[in-house]
Amino acid sequence: MNCFEFWASIINSISWPLVVLIISIIFRKPLIGILSNIRKLRVGNSEVEFEVGRTVSEAKENFALKIDKELAEFYDNLAGISPRAVVLVVWDEFQRTAQKVVGSTVDYSIVFDELQSQGLLKETEANSLKRLREFKYRLLDQGENLSEAKIAEYGSVIREITNNLESRIKRKD
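For the sequence shown, this note's numbering gives the first residue as 12, with consecutive numbering after it.
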């Protein structure tokens, strides 16, 4: 192999990764927009759920949550038995807590607005709860499938938000 063949083979082997890199830099913003709309990605037996993970992470951040390990384990076990049960249980607990302040309305948008108007939720927290509630409907009504781990994490976050809300209600009283 002479010098020319050597450089030709080097250029040949790095050309397609370099083209992909240049294209991704040029079209960075549109690619981010497209990728942010991807909810699930499945490759072989592996599946990644982006939207739920982002929403749950955002809620953890907005509420400054630290998930109790025992609580996480409980919801992990429950998700193994019935993922629907996790969703139903955590939202029932949240609703009972919110009713202490709001009354018996079942319209969550009214509940979130009322909790926010009373200073028990910040706007970012209310928005996080609204997005988490959307998953409730997608999971229960539309039968969207999520991994047991994601359901358990979702349940733990809603339960910690409920605990957080209960503490705020007690401090307010």
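Treat the hints as calculated values from the structure; they're not laboratory data. Any given hint might turn out to be false.
Stated by the list, open to error - With a straight-line cut-off of 20 Å between C-alpha atoms, the simulated SDA-like cross-links for lysine to any residue are:
1) 161 with 110
2) 111 with 161
3) 161 with 114
4) 183 with 131
5) 161 with 69
Said to hold, decoys possible - Here are the in silico distance ranges between beta carbons for each label pair:
6) 111 with 134: 17 to 25 Å
7) 110 with 36: 47 to 55 Å
8) 99 with 21: 54 to 62 Å
This one's a predicted model, so the numbers in the text were calculated from it and none came from an experiment. Note that CB positions come from ideal geometry on N, CA and C, so glycine has one too.
The hints, checked one at a time:
1. 161 with 110: Answer violated: residue 161 to residue 110 is near 27 Å, above 20 Å.
2. 111 with 161: Violated. Residue 111 to residue 161 sits at ~29 Å, over the 20 Å cutoff.
3. 161 with 114: 31 Å, violated
4. 183 with 131: The given pair, whose Cα atoms are some 8 Å apart, holds under the 20 Å limit.
5. 161 with 69: Measuring from Cα to Cα gives roughly 14 Å; hence the hint holds.
6. 111 with 134: 17 to 25 Å: 21 Å, holds
7. 110 with 36: 47 to 55 Å: Because 52 Å falls inside the window, the suggested range holds.
8. 99 with 21: 54 to 62 Å: Given range 54 to 62 Å: holds, Cβ gap about 59 Å.
Of the numbered hints listed earlier, those contradicted by the structure are 1, 2, 3.
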